[in-house]
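Throw the hints in and build the complete structure from the sequences for me.
Keeping their order, the protein sequence lines are chains A and B. Going by UniProt numbering, 101 is the number at position 101 of the first sequence; the sequence numbering is gapless. Going by UniProt numbering, 9 is the number at position 9 of the second sequence; the sequence numbering is gapless.
In case anyone wonders, no lab produced these hints; they're calculated from the structure. In this text, all values refer to a predicted model and were calculated from it rather than measured experimentally. Wrong hints could be hidden among the right ones.
Label-pair restraints from in silico Cβ distances [stated by the list, open to error]:
| no. | chain 1 | residue 1 | chain 2 | residue 2 | range |
| --- | --- | --- | --- | --- | --- |
| 1 | B | Glu173 | A | Leu86 | 32 to 38 Å |
| 2 | B | Lys196 | A | Ile143 | 55 to 61 Å |
| 3 | A | Leu86 | B | Glu106 | 36 to 42 Å |
| 4 | A | Ser24 | B | Val140 | 26 to 32 Å |
| 5 | B | Glu16 | A | Leu86 | 48 to 54 Å |
| 6 | A | Arg2 | B | Phe463 | 53 to 59 Å |
| 7 | A | Val56 | B | Val370 | 46 to 52 Å |
| 8 | A | Arg156 | B | Glu176 | 39 to 45 Å |
| 9 | A | Glu12 | B | Lys363 | 55 to 61 Å |
Just some of the chain B residues that point at chain A, by a computed CB distance under 7 Å [stated by the list, open to error]:
| no. | residue |
| --- | --- |
| 10 | Arg12 |
| 11 | Pro124 |
| 12 | Gln179 |
| 13 | Ser182 |
| 14 | Tyr183 |
| 15 | Pro185 |
| 16 | Ser307 |
As a list, the in silico SDA-like pairs of lysine to any residue whose alpha-carbon atoms are at most 25 Å apart [said to hold, decoys possible]:
| no. | chain 1 | residue 1 | chain 2 | residue 2 |
| --- | --- | --- | --- | --- |
| 17 | A | Lys62 | B | Pro185 |
| 18 | B | Lys133 | A | Arg18 |
| 19 | A | Lys66 | B | Arg181 |
Glycine residues also receive a C-beta, built at the ideal position from the N, C-alpha and C atoms.
So you can see what is in the structure, the chains are spelled out below.
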Amino acid sequence: MRHIISILLENEAGALSRVAGLFSARGYNIETLTVAPTEDVSLSRLTIVTSGTDAVVEQITKQLNKLIDVIKVVDLSEAAHIERELMLLKVRATGKDREELKRLTDIFRGHIIDVTESTYVIELTASGAKLDSFIQAIDAGLILETVRTGVCGIGRGERILKV
Amino acid sequence: MTMMTGAEIVIRCLQEEKVEYVFGYPGGAVLHMYDALFKQDQVKHILVRHEQAAVHAADGLARSTHKVGVALVTSGPGATNAVTGIATAYMDSIPLVVIAGQVPTEYIGQDAFQECDTVGITRPCVKHNFLVKDVHDLAVTIKKAFFIANSGRPGPVVIDIPKDITAAKCKFEYPETIQLRSYNPVVKGHLGQIKKALHLLLEAKRPMVYSGGGVILSNGAEQLTKLVRRLGFPITNTLMGLGAYPASDPQFLGMPGMHGTVEANLAMQNCDVLLAIGARFDDRVIGNPANFSSIPRKIIHIDIDPSSISKRVKVDVPIVGNVPDVLDEMSKLLDAGNATPDGEVLAGWWKQIDEWRAKQCMKYRMKKGVIMPQYVIEKLYEVTKGQAIVTSDVGQHQMWAAQYYKFDQPRRWLNSGGLGTMGVGLPYAMGAALANPEMQVACVTGEGSIQMCIQELSTAKQFRLPIKIINLNNRYLGMVRQWQEMFYGSRYSESYMDSLPDFVKLAEAYGHVGIRVERPEDVEGALKKAFIDHKDDLVFIDFITDQKANVFPMVAAGKGLADMLLTEDL
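So this is what it looks like as structure tokens:
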């Protein structure tokens, strides 16, 4: 099963590689990983999408908690949460495709943020699944480049991950 | 406050931590620190002959005491040589602080002479590691390192210190205590869980206690013995846990696992309530976890590390906490409730265990004129009156030492159980001998293992360490040979040790006493000569033993615990 794990960790050199190293050393998989400092710059917030049985995910959270740099670990997917991912898509936009791509971007509530005579860069923020459907909706031959940030997520309402 | 150099700060911190011995080897990147060492006499430095042995010796000191072992190595090869020692300590949760020199900060990343990414290389085999980037952080980092190494589930911590940091100056201030927002190990167990566990234990029809290295590491042997005696339950100690419960006590069933006793393994397999304490259901202990779980039983697991619980085997009552604290709480609750298990039910279980015991699975046959390795260990036990610190390397001799030397006290049996590192025996004995000068120290080894750190005979001479090396020399890499005999059609691929040195002459060349023993009737005399006549010398006894002796009982890898192979002639 797919799980989104959120981690608060010390914003220190090497902290990220401890987390990444743990996953590879113990054979856990990482589908996406995002990391950036929080409002408190001494802290980083890291989001990992992984998959595994309940027993495996339980081990993952326990092992993460064991890392000295890790302050808190939460399995976001255990309860109500929101997830978002940002994608930048460079597409070939010529002739009648220009109008069609614009229309599709609007339907998916994306933005065209760069325009040349022959290309668009489309920005889209949504759940990972929605990004996948957007890619599928576009003629594969038109896609020149895809950049995705990976998932970041947050609990709904009073569910707060803080030191 | 006077200004101090980084190097002086390092040594001063070691003094503050009451470190008596540092095991190390100098080199370019640590010269400032060696200079600071030279100018004081509180911290004594033990010059090893290879950095691997420095870490093992510090590890041996830590295992035989409750102190943090300290090693000091230079950058590059000094650090990479230390890695095996660090990984060995990590697998067995031994508290160490390993200080490594690093090239100057501005050279890092430039492929400088003797540069390596020490923090990167050691990351997967340390509890934590640090690269010090500012001399002002140095003292606090060292404080953190000692705190992390010796709290919670212990483990090795590496501090990588660039050379320029050891030359830079700042004011010295050593914090009394340290707080880490991201690290607060739990000590007290959850009361509700403890009560639940006691309820299960008192209701059990076939209870069994299984304790591991965690009991030794947490100094919980006394609490364990008290509780188990009070309950009257059978108990087994793992390879890492030997000595936590007195081996000579009738409630002790011997070691479990791949080379465990019939009674310990069958009791583990057939119990209805298993109390696991500071143990981790290792593959060498329970065999195939699916087979182990196929028989229903309730499992209570006490461990300070939550990630050890339900890792290989699903646990019914997890108790996260420090072992002695949890066991004390259990005893207190039992006293308060004046509760005892049903004696009649227990008697039936003991009757069953005694039937398994009657198989006498540890019996072995003596061959005329040939020294049986098991016999040497039995005699070692007699001659040392069961009071020695015994270290071992890895292989058949390790198993025989664990099986036939009855450890009645904790911290007397030092071996590499997790990583299984050949070569640890002699350096472990060095660390143990330094930390316990009043005790007899024996290193049980084989002709394969001893050669992996043989250079330390030189260190042992320099520091006059009266270790007794019990070399069970069968001219084979015995455990490899045993597996080849049993599972590879007796094709002894590369397991025969040709061109062995004359160990007696070798010992003498290093300035020690060497004895060769070839007949069973000379075993006891040689041991007495070593432990009594040559009490203050290192004695290397080369026992020429039976070449084909195998370790039994044996559960083949991947099999279930009940699937034991016994001695061929039983």
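Quick rundown of the hints versus the structure:
At roughly 46 Å, the beta carbons of B/Glu173 and A/Leu86 sit outside the given window of 32 to 38 Å. Take B/Lys196 and A/Ile143: their Cβ atoms lie about 57 Å apart, and the range 55 to 61 Å holds. Separated by about 38 Å at the C-beta atoms, A/Leu86 and B/Glu106 satisfy the suggested range of 36 to 42 Å. Distance hint check: the CB atoms of A/Ser24 and B/Val140 are about 31 Å apart, consistent with the given range 26 to 32 Å.
Judged by the Cβ atoms, the range 48 to 54 Å given for B/Glu16 and A/Leu86 holds: they are separated by roughly 50 Å. Checked against the given bound of 53 to 59 Å, the beta carbons of A/Arg2 and B/Phe463, roughly 58 Å apart, stay inside it. Checked against the hint of 46 to 52 Å, the C-beta distance between A/Val56 and B/Val370 comes to roughly 51 Å, which is consistent with it. Hint check: A/Arg156 to B/Glu176, Cβ distance near 44 Å, so the stated range 39 to 45 Å holds.
For the pair A/Glu12 and B/Lys363, the beta carbons lie near 58 Å from each other, so the given range of 55 to 61 Å is met. For B/Arg12, the interface hint is violated, since its Cβ never comes within 7 Å of a Cβ in chain A; the closest pair sits about 24 Å apart. Residue-level restraint check for B/Pro124 holds (minimum Cβ-Cβ distance to chain A is 5 Å; threshold 7 Å). This hint is violated: B/Gln179 has a C-beta 13 Å from the nearest C-beta of chain A, more than the 7 Å allowed.
Checking B/Ser182 against chain A: minimum C-beta separation of about 4 Å stays under 7 Å; hint holds. Restraint check, B/Tyr183 versus chain A: the minimum CB separation of about 5 Å is within 7 Å; hint holds. Interface hint at B/Pro185: violated, since its Cβ lies 10 Å from the closest Cβ of chain A, which is beyond the 7 Å cut-off. Taking 7 Å as the C-beta cut-off, the interface hint given for B/Ser307 holds, the closest approach to chain A being about 4 Å.
Distance hint between A/Lys62 and B/Pro185 is fulfilled; the C-alpha atoms sit about 13 Å from each other, no more than 25 Å. Distance hint between B/Lys133 and A/Arg18 is fulfilled; the C-alpha atoms sit about 19 Å from each other, no more than 25 Å. With a C-alpha separation of about 13 Å, the suggested pair A/Lys66 and B/Arg181 falls inside the 25 Å cut-off, and the hint holds.
Checked against the numbered hints given earlier, the structure breaks hints 1, 10, 12 and 15 and satisfies all the rest.
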